[in-house]
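Take the sequences, apply the hints, and build the full model.
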Amino acid sequence: GAVVSQHPSRVICKSGTSVKIECRSLDFQATTMFWYRQFPKKSLMLMATSNEGSKATYEQGVEKDKFLINHASLTLSTLTVTSAHPEDSSFYICSAWGGVQAYNEQFFGPGTRLTVL
Amino acid sequence: AQSVTQLDSHVSVSEGTPVLLRCNYSSSYSPSLFWYVQHPNKGLQLLLKYTSAATLVKGINGFEAEFKKSETSFHLTKPSAHMSDAAEYFCVVSDGNQFYFGTGTSLTVIP
Chain R
1 GAVVSQHPSR VICKSGTSVK IECRSLDFQA TTMFWYRQFP KKSLMLMATS
51 NEGSKATYEQ GVEKDKFLIN HASLTLSTLT VTSAHPEDSS FYICSAWGGV
101 QAYNEQFFGP GTRLTVL
Chain D
1001 AQSVTQLDSH VSVSEGTPVL LRCNYSSSYS PSLFWYVQHP NKGLQLLLKY
1051 TSAATLVKGI NGFEAEFKKS ETSFHLTKPS AHMSDAAEYF CVVSDGNQFY
1101 FGTGTSLTVI P
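Residue numbers (this note's numbering), protein chains in the order written: chain R, 1 to 117; chain D, 1001 to 1111.
No lab work stands behind these hints, which were simulated from the structure alone. Hints may contain errors.
Restricting the straight-line Cα-Cα distance to at most 20 Å, the calculated cross-link-like pairs of lysine to aspartate or glutamate (EDC-like) are [to be verified]:
| id | chain 1 | residue 1 | chain 2 | residue 2 |
| --- | --- | --- | --- | --- |
| 1 | R | K42 | D | D1008 |
| 2 | R | K41 | D | E1088 |
| 3 | D | K1042 | R | D65 |
| 4 | R | K41 | D | D1008 |
Source: prediction; values computed, not measured.
Rendered as structure tokens:
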């Protein structure tokens, strides 16, 4: 299957700083990328869906000004947590989807553990 | 509307015994169905998927699942559990545009 990478795998930052997480599809073109947040021992919560070249679609309750998503190319999407606070500490996972005609499955990145002090 | 229900939040089995993780779905369309596994602090790995071909789907690591339209189920099974199977398992349904996750089943394997 296809490979999706995330960087960094783990980040610790001070409250008030911004953190950028990169998600790359390494060997296929992802028309859509998804960003999820996962709390301990919980399922994945979809935060937003982004299509290359257009604005991300955020799920209800997710602050678009706080979680900035950029999907500038078919292989790269970034999530920036702006002015991070301790309650933003979580496991963030991205996935890439090539569409129904290409694999028709999501390929997940390994996740990024964010800890805000 | 699509939804997924994983009937058991936690399953515990002895090593070498069968595994059954249950998943029921509701979908207005012919769905695609997936099972993913997640080990602690790791991303999700696809175990298997159903996309309107054979109803019995074989996946990696000895797992398989059967799509039963009449029962709207897609239960995951394995004949013999291994210690390395201990993880969180997610059932996912897709209508081709969105993916809907179940709440997950935590599998414990007792030596």
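### Task
Starting from K42 (chain R), check that the Cα of D1008 (chain D) is at most 20 Å away, please.
The hint holds at about 13 Å.
#### Entry: Restraint status (C-alpha distance of K1042 (chain D) to D65 (chain R) at most 20 Å)
28 Å, violated
### Query
Taking only the CA atoms, is the gap from K41 (chain R) to D1008 (chain D) under or equal to 20 Å?
Holds, at roughly 14 Å.
#### Entry: Straight-line alpha-carbon gap K41 (chain R) to E1088 (chain D), limit 20 Å
9 Å, holds
In this structure, the one hint that does not hold is number 3.
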